[in-house]
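Peer 1: Chain by chain, the residues:
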Amino acid sequence: MSLCFWHAPLLHQPSVDYLLFLCLRKKENFTEDVTDRRLVSVPPPSSQLDTRDKLWRIHSALLQCQKLLEKAVAKEEEELGGGKKGEYENKRKLVKERLPLLLLSTGELLKAAEGTTSLTPSVEGLELNVPTGLLDLKLWVYRVYKEVNYWSKTAANTLKDLPSVIVKEGARTTRARNRRSTRR
Amino acid sequence: MARLSLTPTSKLISSGFVWLLWIVLGFLTSHTHADTGLTVPQRVMLSPNWDTQELSISWLGGGATTFDLIILRTEFNQTVFYETVSPTVNKVSGLHQWTWTSVNPLECTSLSVKIRSKDGQYTSEWSQTETLQGNDHPNSEQSVKAFPQDKVLPVGANITFCCIMDEGMVFDKIKYDGNATNVTRLSRRTYSTTVSNLVASRQSGSNMLCLPEDKGKLYGAVVFVGYPPLPIDFKCETYDLSSAVCQWGKGRDTHLHGSQRGTRYFVNNRDCSEVNQDVGQKEATCTLDTWEGNWTLVAKNLLGQYSLTDTAELSQRVCPVAPDRLSVVADAWNASLSWHWKYDSYSSLALVCQVEITATEDGKLIKRVFSGVGLRSVFLSDLYPDERYSVKVRCGAQQNFWKWGKWSELSSFKTNIYVPDTPDAWIWLNTDNTGKVVWKPLTRRQSHGKLTQYEVFLWSPEENRALAPAVTLPPNTWSMPVNLTEIAFFSNNGNIVANVTARNDAGSSPPARVHLTSVEPLAASRIVNTDQGFPLFWENNANATCGYVVEWLDAFCPQDCPVEWIKLPAGTTNVSIQSDMFQPGVRYNLSLYSCSSDTRELLKRWQGYAQELVPSVALTLSASQQNADILLTWKEIPLVNRRGFLLGYNIYNSTGYQFKLLENVSDPETMSYTAKDFAKGFTKGTFKFTVKAYTAAGENTGTTATVTIEPYADWLILEILTSLGLVTLLLAIVTFTCYKKRKWVKKAFYPDIPEPKLPSDWPRTRGPLDVKPSPHSMVCVVETPEYDCIKEMLVAIPEEDEDDEGQGIGDESVDTDEPTSLRYYNQVVDERPIRPRFPDSSASSISSMSSAHTDVTYTGIQTSGSSLVLQLDPQGSSECHQPQLDQSVSYGGGGYRPQMQPRAPSDDMGLPSPESFLEPQAACSGGYKPQGSWHFDSPVDAAEMGSLAPSLGSPTSVASTQFLLPDGEENTGEKRQLSSSAASWLTNLLSSTKP
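If you're matching them up, the sequences are chains A and B in order.
Per our numbering, the first sequence runs over residues 2 to 185.
Per our numbering, the second sequence runs over residues 2 to 996.
The reader is advised that the hints may include incorrect statements.
[Claimed, not checked] List of simulated lysine to aspartate or glutamate pairs, EDC-like, C-alpha gap at most 20 Å: (1) B/K152 x A/D137; (2) A/K86 x B/E284; (3) A/K85 x B/D555; (4) A/K86 x B/D555; (5) A/K27 x B/D178; (6) A/K94 x B/D279; (7) A/K28 x B/D178; (8) A/K86 x B/D254; (9) A/K28 x B/E275; (10) A/K76 x A/E98; (11) B/K218 x A/D137; (12) B/K451 x B/D363; (13) A/K68 x A/D51; (14) B/K152 x A/E90; (15) B/K176 x A/E79; (16) A/K76 x B/D678; (17) A/K85 x B/E275; (18) A/K76 x B/D151; (19) B/K115 x B/E84; (20) A/K68 x A/E128; (21) B/K568 x B/D555; (22) B/K152 x B/D52; (23) A/K28 x A/E115; (24) A/K86 x B/E275; (25) B/K174 x A/D137; (26) B/K174 x B/E238; (27) A/K85 x B/D678; (28) B/K218 x B/D178; (29) B/K689 x B/D678; (30) A/K85 x B/D279; (31) B/K152 x A/E98.
Honestly, the hints are just simulated from the structure, not real lab data.
Only a predicted model underlies this, so the values are computations on that prediction, with no experimental measurement involved.
Go ahead and model the full structure; you've got the sequences and the hints to work with.
Peer 2: Written out as structure tokens, the structure is:
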């Protein structure tokens with residue numbers, strides 16, 4: 002059995018990012034609660050938030066996740082890579098490829114909710130200080146994966162609860178954009 | 002209180018004393034050291050190498066060559082090292098230096114170092130303590146809390162890690178690669194663990210985790226464990242005849258990857274690492290611009306390095322590059338292949354090139370080798386027309402061949418079409434001179450292009466003219482019907498040839514000539530198929546100028562049969578025929594024809610089966626009885642159903658469960674079989690006969706015929722007569738033998754019974770016989786009147802033997818215990834007088850019992866519960882007349898009834914009917930009946946003889962089939978009319994033997 006699928010049967014519908022998270026945990030013998038602080042910084046959730054704010058929060062978090070993930074993959078490859086590419090590397094690539102698609106969806110929904118005056122979240126303040134020690138690097142990458150998993154799941158749940166009008170509008174815009182990019 | 006007031010004074014005095022003592026001692030000590038020349042080391046300096054965990058200790062002075070060195074963990078004041086060392090001395094600066102390697106990383110905890118000079122037994126004072134501050138010091142600002150970080154170690158090495166807890170953090174454990182380890186505490190906040198015999202780590206290294214009780218505060222270090230590089234097969238060669246390309250195998254996996262820890266390669270000090278970082282690639286290469294002739298490969302990683310060298314002349318290491326831009330110019334049967342070389346320098350290079358041609362249709366591979374200086378084109382011959390090929394080339398240096406270069410890219414081409422091959426034609430004629438000209442379809446290789454049609458025209462070679470216009474047939478037609486009778490009408494002579502040609506876009510094929518002549522059939526010989534087919538042999542025929550044709554077809558095909566043939570060159574004398582047409586169980590005719598320019602001639606014929614099977618149908622069988630014989634007849638199996646050469650018949654006879662082979666008829670022409678005298682052994686019955694035909698493959702299921710044998714009267718009569726004759730003969734022999742051996746028979750079966758002997762004092766008084774009823778079974782013997790006259794008394798004796806004498810007789814248990822073991826004596830038991838067997842009887846009984854005597858003991862007749870009372874005549878006149886047994890003997894219910902006692906008493910005797918004195922119970926029980934089977938005196942006889950019946954005189958034991966014949970029985974026997982002739986005969990026989 003592949004190392005990366007070790008825990009997969011325990012999950013109901015394991016997403017790729019979660020499988021990646023599990024894969025690293027198993028590979029490096031990390032305990033489940035290896036986390037001391039969050040890497041993604043967004044306003045706290047609140048029942049007061051309207052749909053637009055919820056979307057903005059999710060989109061902002063996913064943007065940070067994307068930056069963190071890109072950095073994590075690059076740094077991990079630099080410091081610990083060079084060997085044979087296996088299941089872990091394949092999953093990592095897959096997550097890295099899929100996260101922009103989720104970002105695109107949330108971005109379109111955000112635009113649909115805000116109208117033309119969209120306030121794009123910024124990642125300028127994101128802390129990208131990568132630890133120097135290799136174990137600290139591994140733990141940091143682990144936290145990044147955990148954030149990606151958390152925010153992907155949160156995004157999915159949030160999108161599920163969004164009003165259908167916004168979702169349809171967002172979907173239409175996304176399809177149109179995809180068509181344009183295909184023609185190009 | 003007074004004591005308190007005194008204390009300051011005493012303190013002052015005592016402290017002054019201590020000071021004084023110290024001064025004195027210090028003086029003495031310095032004086033002593035001054036004497037030995039040893040001084041305290043000064044300016045101790047510590048220089049740590051954090052990576053190697055080495056602590057370089059240097060100092061000045063000391064005046065000695067050896068020094069005591071002590072290293073302690075500062076916090077716990079634990080000695081880590083304490084030895085006398087000999088440091089190196091810098092002669093210029095006078096600095097002593099000594100290096101200590103720590104097991105633990107130097108960062109783990111603070112270390113204190115002290116040194117003193119030592120010269121033999123003398124030592125100086127310890128130097129001032131110099132401390133190397135560890136990361137566990139409260140003032141340490143280092144954020145890293147686990148050591149060593151990112152270490153690279155060889156497989157099998159040991160490593161000691163340490164974890165420094167933050168202030169307030171509680172240590173839990175240390176894990177290495179997921180496993181908890183044994184921990185040693187080095188200081189208040191530092192814990193260490195040692196992992197021995199490290200195994201190769203994964204690509205991302207093995208983790209050492211420091212686990213505080215607060216799991217969220219995880220930290221630790223990574224260690225990489227692997228091997229130093231070990232490259233193999235280092236060789237350099239040239240492609241362009243000027244530069245060198247060196248290659249080598251990476252060898253074993255070092256487990257160290259990436260730019261930081263991966264292996265770096267250098268060839269002649271040129272870094273070739275960048276192009277060889279791919280872990281999946283097992284081969285590495287490095288290109289050098291010039292041919293240096295000597296090369297050294299150095300492979301390095303953090304664990305070590307390995308070197309390989311290679312030396313060669315350029316001409317010995319030429320490996321041509323792959324030919325480039327292949328082009329082909331194809332004809333129908335050949336092609337010209339050319340290519341380009343990447344380097345012009347090849348124009349003067351003697352090359353040997355390998356060309357691999359693959360026919361696309363069947364994948365057949367053709368390899369050809371060409372050579373030449375600067376070779377860049379070759380001619381490919383012997384190709385097939387209208388065929389698609391792919392071709393590739395590789396070359397090597399013709400001189401000092403080193404290795405083949407790489408294959409070129411594949412190049413495809415197709416050859417041109419060409420006229421078809423001559424069709425393979427033959428003729429099949431029916432018996433009525435009709436038939437067909439047949440030819441085999443041309444394969445793609447034979448067609449040389451797409452066929453457009455076939456043409457057949459009839460030709461008279463002698464007249465040199467066509468007999469009819471050519472017939473054009475589509476390319477999917479492979480036969481044309483002919484009628485020799487009609488054709489002969491157009492020809493003046495019988496020699497007619499059918500010419501068959503095939504046509505494609507390139508033209509017509511040469512014609513195939515078939516002589517349309519009928520042949521006389523020949524007798525066929527039998528042939529057996531082998532694994533290689535039907536082996537046919539014949540003698541060479543001089544007339545077969547254009548070879549032979551062997552033709553085969555189904556032997557039982559009546560008309561327009563599918564025929565196959567093979568053409569053989571002249572001079573051939575054997576061939577093995579194999580064909581997909583051959584089916585098991587089918588007979589084939591194989592014919593050999595000679596081929597000449599004028600005609601065809603049938604030379605030989607064979608018949609055979611590709612595989613013989615058992616006959617497919619059963620026989621038609623009939624069976625009939627002819628006197629004692631059984632005649633079986635059957636009909637022949639049709640040829641088509643035989644499915645093999647019939648070898649004979651097996652005839653079986655089945656009787657019940659047996660299936661017996663009666664006969665094997667090995668002549669397949671035989672259609673009947675006679676089972677001689679089969680009915681003799683049986684009077685009557687139904688029998689089954691099965692006849693099975695068999696071939697080389699075995700016998701078929703067979704046919705069964707049933708025959709019911711009638712009684713054979715003659716035989717029966719003869720049998721009866723024979724039996725009677727045998728019985729008569731047997732009787733005669735027995736009679737004769739008995740007569741001859743009559744004495745022996747008499748002795749063996751009928752011995753004389755001795756006379757009873759009475760002692761002289763035997764009481765003669767007669768008294769009434771009073772026998773009490775006895776529970777025992779008794780034998781009651783009634784003497785005949787004649788006998789009574791001689792024998793005075795009749796004694797009833799229970800079956801106890803004489804051994805009971807003296808102990809008394811009449812123990813009831815004796816009789817009752819042996820109801821089935823009745824004993825019988827017919828010989829003289831005892832010479833002594835017979836005494837009464839009822840000691841408990843009254844005297845009168847005794848006397849009455851003793852009034853009669855006999856020398857025969859009658860025993861063995863018992864009837865349970867019966868009793869016997871013998872009452873003699875009250876007048877005592879029983880001596881000369883038959884005792885009135887019927888009056889004096891009373892019968893218990895079901896008791897014994899003497900044999901001489903007739904059931905129907907004689908009227909002459911004036912006795913009442915038995916019922917009158919048997920009492921009711923006796924009547925109910927029916928009384929005793931003799932059990933003997935051999936009735937010398939049968940009841941019938943007894944009845945006939947009335948009261949004289951018992952007088953046959955033989956006291957008969959019911960437990961025996963023999964008679965006990967008293968004396969005088971001879972006379973008695975004579976009086977009786979015995980109905981059984983056998984008994985009479987035997988009695989007479991025995992009587993005649995009496996002396």
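Peer 1: Now, for every hint given, state plainly whether the structure supports it.
Peer 2: Hint check:
Between B/K152 and A/D137 the CA atoms are separated by roughly 14 Å; this keeps the pair inside 20 Å, and the hint holds. With a CA separation close to 18 Å, the supplied pair A/K86 and B/E284 stays within the 20 Å bound. Among the hinted pairs, A/K85 with B/D555 is inconsistent with the structure: their alpha-carbon atoms are about 68 Å apart, more than 20 Å. Of the pairs offered as hints, the one joining A/K86 and B/D555 is violated, with about 68 Å between alpha carbons and a cut-off of 20 Å exceeded.
Distance restraint check for A/K27 and B/D178: the Cα-Cα separation of roughly 11 Å lies within the 20 Å cut-off, and the hinted pair is therefore satisfied. Only pairs whose Cα atoms come within 20 Å are accepted, and A/K94 paired with B/D279 is accepted, the gap being roughly 18 Å. The straight-line distance between the Cα atoms of A/K28 and B/D178 is roughly 10 Å, inside the 20 Å bound, and the hint therefore holds. Restraint check: the Cα-Cα separation between A/K86 and B/D254 comes to about 15 Å, which is no more than 20 Å; the hinted pair holds.
A hinted pair counts as satisfied when its Cα atoms are at most 20 Å apart, and A/K28 with B/E275 does not qualify at roughly 28 Å. Distance hint between A/K76 and A/E98 is fulfilled; the C-alpha atoms sit about 17 Å from each other, no more than 20 Å. The hinted pair formed by B/K218 and A/D137 meets the criterion: a straight-line CA distance of about 11 Å does not exceed 20 Å. Annotation: proposed proximity of B/K451 to B/D363 holds, straight-line Cα distance about 18 Å (limit 20 Å).
Note on A/K68 and A/D51: the hinted pairing is violated, with a Cα-Cα distance of about 26 Å set against a maximum of 20 Å. Restraint check for B/K152 and A/E90: not satisfied, since their Cα atoms lie roughly 24 Å apart, outside the 20 Å limit. Restraint check: the Cα-Cα separation between B/K176 and A/E79 comes to about 26 Å, which exceeds 20 Å; the hinted pair is violated. Distance restraint check for A/K76 and B/D678: the Cα-Cα separation of roughly 110 Å exceeds the 20 Å cut-off, and the hinted pair is therefore not satisfied.
As the CA atoms of A/K85 and B/E275 are separated by approximately 16 Å, the hinted pair is consistent with the 20 Å bound. At most 20 Å may separate the alpha-carbon atoms for a hinted pair to count; A/K76 and B/D151 meet this at roughly 15 Å. Proximity of B/K115 to B/E84 is assessed by CA-CA distance (about 11 Å); at most 20 Å being required, the pair is judged to hold. Among the hinted pairs, A/K68 with A/E128 is consistent with the structure: their alpha-carbon atoms are about 10 Å apart, no more than 20 Å.
Distance restraint check for B/K568 and B/D555: the Cα-Cα separation of roughly 19 Å lies within the 20 Å cut-off, and the hinted pair is therefore satisfied. With a C-alpha separation of about 8 Å, the suggested pairing of B/K152 with B/D52 holds against the 20 Å cut-off. For the hint linking A/K28 to A/E115, the alpha-carbon distance of about 43 Å lies beyond 20 Å, and the restraint is violated. A C-alpha spacing of about 18 Å is found between A/K86 and B/E275, which places the hinted pair at or below 20 Å, so the restraint holds.
For the hint pairing B/K174 with A/D137, the CA-to-CA distance comes to about 18 Å; that is within 20 Å, so the pair holds. Proximity of B/K174 to B/E238 is assessed by CA-CA distance (about 57 Å); at most 20 Å being required, the pair is judged violated. A hinted pair counts as satisfied when its Cα atoms are at most 20 Å apart, and A/K85 with B/D678 does not qualify at roughly 95 Å. A C-alpha spacing of about 18 Å is found between B/K218 and B/D178, which places the hinted pair at or below 20 Å, so the restraint holds.
Our distance criterion of 20 Å between C-alpha atoms is met by B/K689 and B/D678, whose separation comes to about 16 Å. For the suggested pair A/K85 and B/D279, the alpha carbons sit about 8 Å apart, so the restraint of at most 20 Å is met. For the suggested pair B/K152 and A/E98, the alpha carbons sit about 34 Å apart, so the restraint of at most 20 Å is broken.
Against the hints set out earlier in the document, violations occur for numbers 3, 4, 9, 13, 14, 15, 16, 23, 26, 27, 31.
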